[in-house]
Amino acid sequence: MVRDGGIVIEIRFHGRGGQGAVIASELLAQAAFLEGKHPQSFPFFGVERRGAPVTAYTRIDDKPISVRTSITTPDVVVVLDAGLMRTIDVMAGLKRDGLLLVNSERIPDRIDKSFTGRIAAVDATAIALSQGLGDRATPIVNTAILGALARASGVVSINNVVKAIVNHVPAKREGNALAAILAYRQVKTLEAVIL
Amino acid sequence: MARLTIPAEEYMRAGHSACPGCGATLVMRYLLKGLGPNTIVTVPACCWTVIGTPFPTTAIDVPMVDCAFEATGASVSGLRAAADAMGLKDVTIVGFAGDGGTADIGIQALSGMLERRTDAIYVMYDNEAYMNTGIQRSGATPRGAWTTTTPVDQAARGKPEVKKDVMAIVAAHKPAYAATVNVAFPEDFLKKVERAKAIRGPRFFHALSPCPPGWRYPPEKTIAVGRLATDTNVFPLYEVEDGTYRINRKLGKAKPVAEYLRAQGRFGHLTEIEIAEIQADIDTRWKRLLALEALG
Amino acid sequence: MVQEVISGNYAQSYAAKLARVQVVSAYPITPQTSIVERIAEFVAAGELRAEYIKVESEHSAMQACISAAALGARTYTATSSQGLLLMHELLHWAAGARAPVVMGVVNRAVAPPWSIWTDHADTISQRDTGWIQFYCESNQEVLDTTLLAFRLAEHADVLLPAMITEDAFFLSHTVEPVDIPSQEQVDEFLPPRVTKMAIRPGTIGRLGSFTGPDLYMEFRHKIAQAMERSADLFLEIEDDYERLTGRNHGGPLPTYQVDDADAVLITMGTATTTARAVVDAMRARGKKVGLAKLRAFRPFPVREIRQLGARVDRIGVLDRSFTFGAAGAAFTEVVGALYGSRHRPRVRDFVAGIGGRDITPQAVDEMFTALLKDRGPEVDWVGLKHRLEVNRRG
Amino acid sequence: MTTTRAEHHDAKAGGHTTAYETEEDLPEAPVASVPSDVIHTASWRTFRPVIALAKCTKCYVCWKFCPDVAIAIDGDGWPVIRLDYCKGCGICAEECKPLAIEMVKED
Numbered sequence: 001m002v003r004d005g006g007i008v009i010e011i012r013f014h015g016r017g018g019q020g021a022v023i024a025s026e027l028l029a030q031a032a033f034l035e036g037k038h039p040q041s042f043p044f045f046g047v048e049r050r051g052a053p054v055t056a057y058t059r060i061d062d063k064p065i066s067v068r069t070s071i072t073t074p075d076v077v078v079v080l081d082a083g084l085m086r087t088i089d090v091m092a093g094l095k096r097d098g099l100l101l102v103n104s105e106r107i108p109d110r111i112d113k114s115f116t117g118r119i120a121a122v123d124a125t126a127i128a129l130s131q132g133l134g135d136r137a138t139p140i141v142n143t144a145i146l147g148a149l150a151r152a153s154g155v156v157s158i159n160n161v162v163k164a165i166v167n168h169v170p171a172k173r174e175g176n177a178l179a180a181i182l183a184y185r186q187v188k189t190l191e192a193v194i195l
Numbered sequence: 001m002a003r004l005t006i007p008a009e010e011y012m013r014a015g016h017s018a019c020p021g022c023g024a025t026l027v028m029r030y031l032l033k034g035l036g037p038n039t040i041v042t043v044p045a046c047c048w049t050v051i052g053t054p055f056p057t058t059a060i061d062v063p064m065v066d067c068a069f070e071a072t073g074a075s076v077s078g079l080r081a082a083a084d085a086m087g088l089k090d091v092t093i094v095g096f097a098g099d100g101g102t103a104d105i106g107i108q109a110l111s112g113m114l115e116r117r118t119d120a121i122y123v124m125y126d127n128e129a130y131m132n133t134g135i136q137r138s139g140a141t142p143r144g145a146w147t148t149t150t151p152v153d154q155a156a157r158g159k160p161e162v163k164k165d166v167m168a169i170v171a172a173h174k175p176a177y178a179a180t181v182n183v184a185f186p187e188d189f190l191k192k193v194e195r196a197k198a199i200r201g202p203r204f205f206h207a208l209s210p211c212p213p214g215w216r217y218p219p220e221k222t223i224a225v226g227r228l229a230t231d232t233n234v235f236p237l238y239e240v241e242d243g244t245y246r247i248n249r250k251l252g253k254a255k256p257v258a259e260y261l262r263a264q265g266r267f268g269h270l271t272e273i274e275i276a277e278i279q280a281d282i283d284t285r286w287k288r289l290l291a292l293e294a295l296g
Numbered sequence: 001m002v003q004e005v006i007s008g009n010y011a012q013s014y015a016a017k018l019a020r021v022q023v024v025s026a027y028p029i030t031p032q033t034s035i036v037e038r039i040a041e042f043v044a045a046g047e048l049r050a051e052y053i054k055v056e057s058e059h060s061a062m063q064a065c066i067s068a069a070a071l072g073a074r075t076y077t078a079t080s081s082q083g084l085l086l087m088h089e090l091l092h093w094a095a096g097a098r099a100p101v102v103m104g105v106v107n108r109a110v111a112p113p114w115s116i117w118t119d120h121a122d123t124i125s126q127r128d129t130g131w132i133q134f135y136c137e138s139n140q141e142v143l144d145t146t147l148l149a150f151r152l153a154e155h156a157d158v159l160l161p162a163m164i165t166e167d168a169f170f171l172s173h174t175v176e177p178v179d180i181p182s183q184e185q186v187d188e189f190l191p192p193r194v195t196k197m198a199i200r201p202g203t204i205g206r207l208g209s210f211t212g213p214d215l216y217m218e219f220r221h222k223i224a225q226a227m228e229r230s231a232d233l234f235l236e237i238e239d240d241y242e243r244l245t246g247r248n249h250g251g252p253l254p255t256y257q258v259d260d261a262d263a264v265l266i267t268m269g270t271a272t273t274t275a276r277a278v279v280d281a282m283r284a285r286g287k288k289v290g291l292a293k294l295r296a297f298r299p300f301p302v303r304e305i306r307q308l309g310a311r312v313d314r315i316g317v318l319d320r321s322f323t324f325g326a327a328g329a330a331f332t333e334v335v336g337a338l339y340g341s342r343h344r345p346r347v348r349d350f351v352a353g354i355g356g357r358d359i360t361p362q363a364v365d366e367m368f369t370a371l372l373k374d375r376g377p378e379v380d381w382v383g384l385k386h387r388l389e390v391n392r393r394g
Numbered sequence: 001m002t003t004t005r006a007e008h009h010d011a012k013a014g015g016h017t018t019a020y021e022t023e024e025d026l027p028e029a030p031v032a033s034v035p036s037d038v039i040h041t042a043s044w045r046t047f048r049p050v051i052a053l054a055k056c057t058k059c060y061v062c063w064k065f066c067p068d069v070a071i072a073i074d075g076d077g078w079p080v081i082r083l084d085y086c087k088g089c090g091i092c093a094e095e096c097k098p099l100a101i102e103m104v105k106e107d
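Sequence lines, in order, name chains X, U, S and R. Note that the working numbering gives residue 10 to position 10 of the first sequence, counting from 1, and the numbers run on in steps of one. Note that the working numbering gives residue 262 to position 262 of the second sequence, counting from 1, and the numbers run on in steps of one. Note that the working numbering gives residue 205 to position 205 of the third sequence, counting from 1, and the numbers run on in steps of one. Note that the working numbering gives residue 64 to position 64 of the fourth sequence, counting from 1, and the numbers run on in steps of one.
Wrong hints could be hidden among the right ones.
A partial selection of chain U residues facing chain R, derived with a Cβ cut-off under 7 Å [said to hold, decoys possible]:
id: 1; residue: LEU26
id: 2; residue: ALA59
id: 3; residue: ILE223
Lysine-lysine pairs mimicking DSS-like chemistry, simulated, CA-CA at most 30 Å apart [as the list claims (entries may be wrong)]:
id: 4; chain 1: R; residue 1: LYS58; chain 2: U; residue 2: LYS191
id: 5; chain 1: U; residue 1: LYS174; chain 2: U; residue 2: LYS191
id: 6; chain 1: S; residue 1: LYS288; chain 2: U; residue 2: LYS89
For each label pair, taking beta carbons as the anchor points, the in silico distance ranges come out as [said to hold, decoys possible]:
id: 7; chain 1: S; residue 1: TRP114; chain 2: U; residue 2: HIS269; range: 48 to 54 Å
id: 8; chain 1: U; residue 1: ILE199; chain 2: X; residue 2: SER130; range: 57 to 63 Å
id: 9; chain 1: R; residue 1: VAL80; chain 2: U; residue 2: ASN38; range: 51 to 57 Å
id: 10; chain 1: U; residue 1: SER111; chain 2: S; residue 2: TRP114; range: 24 to 30 Å
id: 11; chain 1: X; residue 1: ARG173; chain 2: U; residue 2: PRO37; range: 52 to 58 Å
id: 12; chain 1: U; residue 1: THR244; chain 2: S; residue 2: MET1; range: 54 to 60 Å
id: 13; chain 1: U; residue 1: PRO7; chain 2: R; residue 2: VAL80; range: 53 to 59 Å
id: 14; chain 1: S; residue 1: ASP232; chain 2: X; residue 2: ARG68; range: 36 to 42 Å
id: 15; chain 1: X; residue 1: LYS188; chain 2: R; residue 2: VAL104; range: 22 to 28 Å
id: 16; chain 1: U; residue 1: LYS250; chain 2: X; residue 2: SER130; range: 44 to 50 Å
id: 17; chain 1: S; residue 1: ASP240; chain 2: U; residue 2: PRO37; range: 37 to 43 Å
id: 18; chain 1: S; residue 1: ASP128; chain 2: X; residue 2: SER66; range: 29 to 35 Å
id: 19; chain 1: X; residue 1: ASP89; chain 2: R; residue 2: VAL80; range: 25 to 31 Å
id: 20; chain 1: S; residue 1: GLN3; chain 2: U; residue 2: THR244; range: 55 to 61 Å
Please keep in mind that the hints were generated in silico from the structure rather than gathered at the bench. For glycine and all other residues, C-beta sits at the position ideal for the given N, C-alpha and C.
Okay, chain X solo, but in the shape it has when bound (with noise of 0.2 Å):
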């Protein structure tokens, strides 16, 4: 998204209460200001309960943001939870042409056929669980997420993704850093569809 001659980026991120995606917005947004841009992160304002389908938002600029308004056409939709795609239309205004990120085995289907951008996957679970971040039940995937969207976006670089953990994840650094390298190497791309 061009605007008055800078560039936006707006990443939604889709999580489950627990599983830290509303620290993924911040830590990207760490990241991002690490590159020297001007980032925006925050929550969808509610109540959170654990479990319960959770977003979050990060806006990335070149330049000051001058809005406070909520992300209703990201260019990029990450989805920490396969599983609320079942129930939740992730693909909800993402731009045609953007990214959809998701923790999965594998890449999902093109559901949304209108979607031409790409679509990436990593699995952010065996990697947290891996690095012994949260447990089966609620594995806590940000941080391995966010490796792999520094790979599959370059809105911000991996070494930024760590640093941004390394400063500002209270613990397990040294896990939560390897997450994000592991799946910035594992994760896979499929490429966009040209019409």
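Dock chains U, S and R against chain X, hints included.
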């Protein structure tokens, strides 16, 4: 078909917004099973404000009147007065508040309601912190517990103060009936609700309501943790009727408090010495309770 | 109808009794106490069949009324000053829950320093809570307006709480003759409360609930519309009251001698009586002055203020409270109402009578004179002492 | 959080029909009267309980302790998981004495 040990009727609906494994939903479920449809519930700010689901939906099949955080006792009195004035027969008025809304900000209104002898049931569902706002300590948080406002770090060991004894405060008002109940013991819970329903005057329940995210244990352990609370004497089951104490569950030998504490992440930092101090405190309180019961 | 010599506070008590309130919930505070004591006597004597909840605070008094109203009961309470301030959270709640609670308020200054004497800081501070507000000039007006308020608040197109205010001591403890309508008259005017919205055992319904940004605003807009509807309904209801009792206090902004006036003073509460006498005296001296009584502060009578503004060039507003950092609230609202009008007279604010200081005829005369001469500051504190006489003991 | 958009509901409850198309359709006071089971909470779940009826003794402990009212009892007395509502807390499996319930990961 085998026999159900608690009534089959449901007055709480599925679809509610509680966290998985939530104890507070079981408190409501059991309570309404015992009280039946001719009941009006008033609820202040607490987890149930959210659990009860947003407009236009509602999670219980009886009327629910939202009230201000500190005013449950007053709301109860208002509902009772209106029901009496309008000739609504045999309706049970219930105040349903959390521990913060009861032990802290709402204790004045609770005291008022008990003192003016409002004919109603007040339930404090006790998850031992401000859980709806995200685990801040309340007067009902037990000693040693981690919360977001009683962190554990170099210079802090969780909540330094002991849990406020709300039952003792209530008992000092000489209510018609007061009892502790625990979601891990539904049959005892229902027996007491049915007993309370038959009595007129101010009645009070202190309901232990284990909370997986706040107490830091996996959601499937809600009943197990609740059971341990009673079987370690941390949360004894007893009732007070006309000033007489009756303990409803006594084990030959209570389990060590450590078993209860070790099951929850909020106590994960406690040392053996700290646990021993808590054990001593629990032992003293248990002895006091036995002595109160012996008074007859 | 009988005439009795009673205080403003008793006028409240009699009105509550005549309205056959079903639930009363109150906490004592000077100078409100005699209102609720008299009601307690009515209940004790069996003259009023009401549930009287002796609560432990004003906050609880209001919560009990709101919850009782949820079941459809006609509810009444009374308070003053600090008690009203303590209720503040629940004043918003009453409007949001659409509980037509009727409340008598004795206007009293707020602490510190402690003061039990009158000004309007307590009720003016509540103007944004969604309550209908009436300010009264006489004990008769207190009684009549309280009865009007029940009918208006409970009207299906309104369903908003209403407060009827009276100046501490100037009305609350001043006895004067009051025509008291018969119970039959009041029963005809004010039948038992009927509401479709009452919470009933055996049904499903959660009153209060919670909403996201997708619905909250519509519920607030409904309150705004109900408040707006109440303005015209008040006129109809007062006409109805007049048919039964012969009395009509003249809507939200009754005027006196304004038709040819060069300057008009807008007053609230008991200062009106003094100001009316000053108008007569000044008219006798050939000064063309007039008076408008701001009787309803909520809903604010924008239409009537504009009609007044179209007739006169100079308006003074007598504020018995002050909004620190701005001006008197009545002044700013009058100016706000006139700004949208083609006729914009000069408006000045006279802040007077704070903390029970007497608003003397001389002070009112000064205000009119300043208006006529078009001199003096836009906002003026009138009656400040240049020389303080402080009692010292020792 | 679970959001419920009012305009999607047309349910009868408490004798009132509640179909909210415009502001005028909303009740004057915020009175919610649609039973909450119009909301499905299946999406909260990571693991689903699966009952092995061969091991079930019909003791109904699972039903008794379910905080989500997500276990029904069918005509033959067997417990049935209401998968639209089960949040997958696992209390039923944890408390089941004959170990008849297994928590299975959702796809």
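Now for the hints, and whether the structure bears them out:
1. At a threshold of 7 Å, the smallest CB-CB gap from LEU26(U) to chain R is about 5 Å, leaving the interface hint in force.
2. Interface hint status for ALA59(U): upheld, as the beta-carbon distance to the closest one in chain R is roughly 4 Å, under 7 Å.
3. Against a cut-off of 7 Å between C-beta atoms, the interface hint on ILE223(U) holds, since the closest Cβ of chain R lies about 5 Å away.
4. Taking the CA atoms of LYS58(R) and LYS191(U), the gap is about 22 Å. The hint holds against a cut of 30 Å.
5. Distance hint between LYS174(U) and LYS191(U) is fulfilled; the C-alpha atoms sit about 21 Å from each other, no more than 30 Å.
6. Distance hint between LYS288(S) and LYS89(U) is unfulfilled; the C-alpha atoms sit about 64 Å from each other, more than 30 Å.
7. Between TRP114(S) and HIS269(U) the beta carbon distance is about 49 Å. The supplied range of 48 to 54 Å therefore holds.
8. Checked against the hint of 57 to 63 Å, the pair ILE199(U) and SER130(X) passes, with Cβ atoms roughly 58 Å apart.
9. VAL80(R) and ASN38(U) have their C-beta atoms about 30 Å apart, which leaves the hinted 51 to 57 Å range violated.
10. Between SER111(U) and TRP114(S) the C-beta distance comes to about 26 Å, which sits within the given range of 24 to 30 Å.
11. At about 55 Å, the CB distance of ARG173(X) to PRO37(U) agrees with the hint of 52 to 58 Å.
12. Checking the proposed 54 to 60 Å range against THR244(U) and MET1(S) shows it holds: the Cβ atoms sit about 58 Å from each other.
13. In this structure, PRO7(U) and VAL80(R) break the distance hint of 53 to 59 Å, their C-beta atoms being roughly 19 Å apart.
14. Distance hint check: the CB atoms of ASP232(S) and ARG68(X) are about 39 Å apart, consistent with the given range 36 to 42 Å.
15. The beta-carbon spacing between LYS188(X) and VAL104(R), approximately 26 Å, falls within the hinted interval of 22 to 28 Å.
16. Judged by the Cβ atoms, the range 44 to 50 Å given for LYS250(U) and SER130(X) holds: they are separated by roughly 48 Å.
17. The hint said 37 to 43 Å for the Cβ distance between ASP240(S) and PRO37(U), and at roughly 41 Å that hint holds.
18. A beta carbon spacing of about 31 Å between ASP128(S) and SER66(X) agrees with the range 29 to 35 Å that was offered as a hint.
19. For the hinted restraint 25 to 31 Å between ASP89(X) and VAL80(R), the CB-CB distance of approximately 29 Å keeps it satisfied.
20. The hint said 55 to 61 Å for the Cβ distance between GLN3(S) and THR244(U), and at roughly 59 Å that hint holds.
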